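Colleague: One letter stands for each residue in the lines below.
2 protein chains.
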Amino acid sequence: MCELMGMTANVPTDICFSFSGLVKRGGGTGPHKDGWGIAFYEGRGYREFRDPNPSVDSEIARLIQRYPIKSRVVISHIRQANVGGICLENTHPFNRELWGQHWSYAHNGQLEESALHFPASFYQPVGTTDSEQAFCWLLAQLRLNFPIGTNRVDKSSTSDLGGCVERSGCIEQISTAIHTWCEQLRGKGVFNMLLSNGEYLFAYCSTKLHHITRCAPFGEAVLSDTELQVDFKKVTTPNDIVTVIATQPLTDNEQWTPMQTGELAVFKNGELILQRFGQ
Amino acid sequence: MCELMGMTANVPTDICFSFSGLVKRGGGTGPHKDGWGIAFYEGRGYREFRDPNPSVDSEIARLIQRYPIKSRVVISHIRQANVGGICLENTHPFNRELWGQHWSYAHNGQLEESALHFPASFYQPVGTTDSEQAFCWLLAQLRLNFPIGTNRVDKSSTSDLGGCVERSGCIEQISTAIHTWCEQLRGKGVFNMLLSNGEYLFAYCSTKLHHITRCAPFGEAVLSDTELQVDFKKVTTPNDIVTVIATQPLTDNEQWTPMQTGELAVFKNGELILQRFGQ
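For the protein sequence lines, the chains are A and B, in the order given.
According to the UniProt record's numbering, the stretch in the first sequence is residues 1 to 279, in order.
According to the UniProt record's numbering, the stretch in the second sequence is residues 1 to 279, in order.
These are calculated hints, taken from the structure and not from any lab test.
No experiment lies behind these values; they were computed from the predicted model shown.
A few of these clues could be false.
Since the list gives no way to pick one copy over another, a pair counts as held whenever it fits inside one copy or between any two copies.
As the list claims (entries may be wrong) - Only pairs whose alpha carbons sit at most 20 Å apart, straight line, appear in this in silico SDA-like list of lysine to any residue:
hint, residue 1, residue 2
1, 188, 255
2, 233, 218
3, 233, 17
4, 70, 87
5, 70, 53
6, 234, 215
7, 33, 45
8, 70, 57
9, 70, 85
10, 208, 218
11, 70, 86
12, 234, 137
13, 233, 68
Please model the complete structure; the sequences and the hints are all you need to start from.
Modeller: Okay, structure coming up:
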């Protein structure tokens with residue numbers, strides 16, 4: 001198994017504090033030594049840092065802990081390999097372009113071999129993980145069900161969602177569709193995942209996922225995995241709203257909300273905007 | 001204008017030496033202060049580091065100079081913006097997945113506005129540069145003209161090229177096609193580019209591009225842009241073959257080969273394997 005972490009905020013926010021806790025689980029306090037990765041959205045821009053080496057020993061992970069990249073959406077993953085060898089092409093998060101947006105994805109769990117015989121689609125896996133196959137299938141479903149009309153001209157907005165452009169109820173429709181496909185995948189094994197296009201952050205829980213939303217009045221937080229604490233009052237403004245999602249709570253003095261099996265939670269600008277629940 | 005750098009080798013090779021020279025041009029000895037990026041292929045795996053900040057001031061660029069990532073193909077770019085604002089989504093190299101391979105691309109030059117009204121295609125630009133539009137068009141042409149048959153099973157090989165899988169003369173056909181499309185783009189402005197799928201490195205010259213192939217007996221090289229030299233004898237084996245491609249020669253004590261206008265040079269495992277020439 002692996003560990004997932006996601007962040008969404010209404011202002012560009014750095015993830016140094018939470019990431020410092022997560023990386024300790026990558027071969028330190030946790031067994032997840034088979035690589036790690038983190039993706040940052042900056043406006044429409046996207047960049048990721050991935051390393052097949054244990055995060056606790058990673059020169060690049062050390063940079064990310066001390067170099068504050070301000071982002072409104074982050075997806076991170078530390079890996080304990082099951083399906084697929086330990087190599088860069090099997091290191092999460094995975095990304096593909098859909099509707100002129102970078103879509104990023106990380107998965108925790110394992111799917112039955114039989115679940116992975118998806119038909120050839122727009123997106124081809126590069127590596128050999130069940131996770132990337134499921135991602136390619138999910139994005140192909142989105143592309144198929146919400147086809148984009150024409151080459152978009154306005155790049156200033158990230159709010160259009162394929163065939164949903166300028167239609168109301170768009171995010172509701174897409175969330176219902178993503179939930180349905182995630183439920184299908186859950187029927188084939190364990191499927192906890194984080195997915196984002198840089199505006200919305202979709203979190204689906206199969207077995208284990210927690211989230212916490214921080215806003216004014218901000219308090220102190222103490223990491224569970226390393227001796228580090230932060231007083232969020234000192235690094236935020238009263239209007240900031242930040243949600244962090246993680247397989248296991250990263251702090252031990254705050255109340256994290258456990259997600260239910262079959263639950264899809266959709267976040268935007270740091271807030272939970274809608275949910276779908278399993279049968 | 002911008003500066004391009006590419007590397008191809010028959011053994012995993014680090015690019016620290018050449019990159020140290022290139023980054024100096026990113027706001028130091030050169031005016032290319034509008035961001036930089038570098039892409040590394042490791043087997044089928046792909047990772048890139050991009051930063052909209054000047055490379056000469058970049059914390060991430062400093063990491064790349066001292067952290068030797070061993071790669072067989074590298075594409076790098078430092079930017080002096082013309083079309084498209086200075087932001088992460090407009091920072092080269094750009095990448096998309098095609099045929100289950102990560103394709104990476106960087107462009108130097110500028111295309112007429114009229115050249116950029118490509119029909120809607122499989123690939124949508126995320127940013128607002130002429131460069132990314134041309135890349136999306138090029139990859140869509142490849143996908144259209146060399147469609148992949150089925151979802152590939154064998155991920156151990158990177159040698160298949162879409163519809164060319166297991167057909168002989170494949171790289172010749174694809175090179176001819178890429179050359180034809182690059183010639184069309186050259187008719188619309190200045191189009192120097194580097195393109196790779198991790199196995200082949202395609203270099204197309206519109207106005208300015210140089211390359212040098214280093215093999216035994218290796219000698220010393222002295223960077224033009226910073227006080228740094230390396231004795232390749234000490235860091236190579238007699239069988240190593242490494243080619244570096246750059247807009248301007250990076251060293252001043254070696255003989256670099258200037259490419260011709262309209263020339264496409266295709267490299268594999270550090271060696272020039274074929275060329276196409278313009279009219």
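Colleague: Confirm or reject each hint.
Modeller: Now the hints, each set against the structure:
no. : hint      : result
1   : 188 x 255 : neither (31 Å within a copy, 59 Å between copies)
2   : 233 x 218 : within (5 Å within a copy, 58 Å between copies)
3   : 233 x 17  : within (14 Å within a copy, 44 Å between copies)
4   : 70 x 87   : between (28 Å within a copy, 13 Å between copies)
5   : 70 x 53   : between (24 Å within a copy, 14 Å between copies)
6   : 234 x 215 : within (13 Å within a copy, 56 Å between copies)
7   : 33 x 45   : between (29 Å within a copy, 18 Å between copies)
8   : 70 x 57   : between (24 Å within a copy, 17 Å between copies)
9   : 70 x 85   : between (32 Å within a copy, 19 Å between copies)
10  : 208 x 218 : neither (26 Å within a copy, 55 Å between copies)
11  : 70 x 86   : between (30 Å within a copy, 16 Å between copies)
12  : 234 x 137 : neither (43 Å within a copy, 48 Å between copies)
13  : 233 x 68  : within (17 Å within a copy, 39 Å between copies)
In this structure, the hints that do not hold are numbers 1, 10, 12, in rising order.
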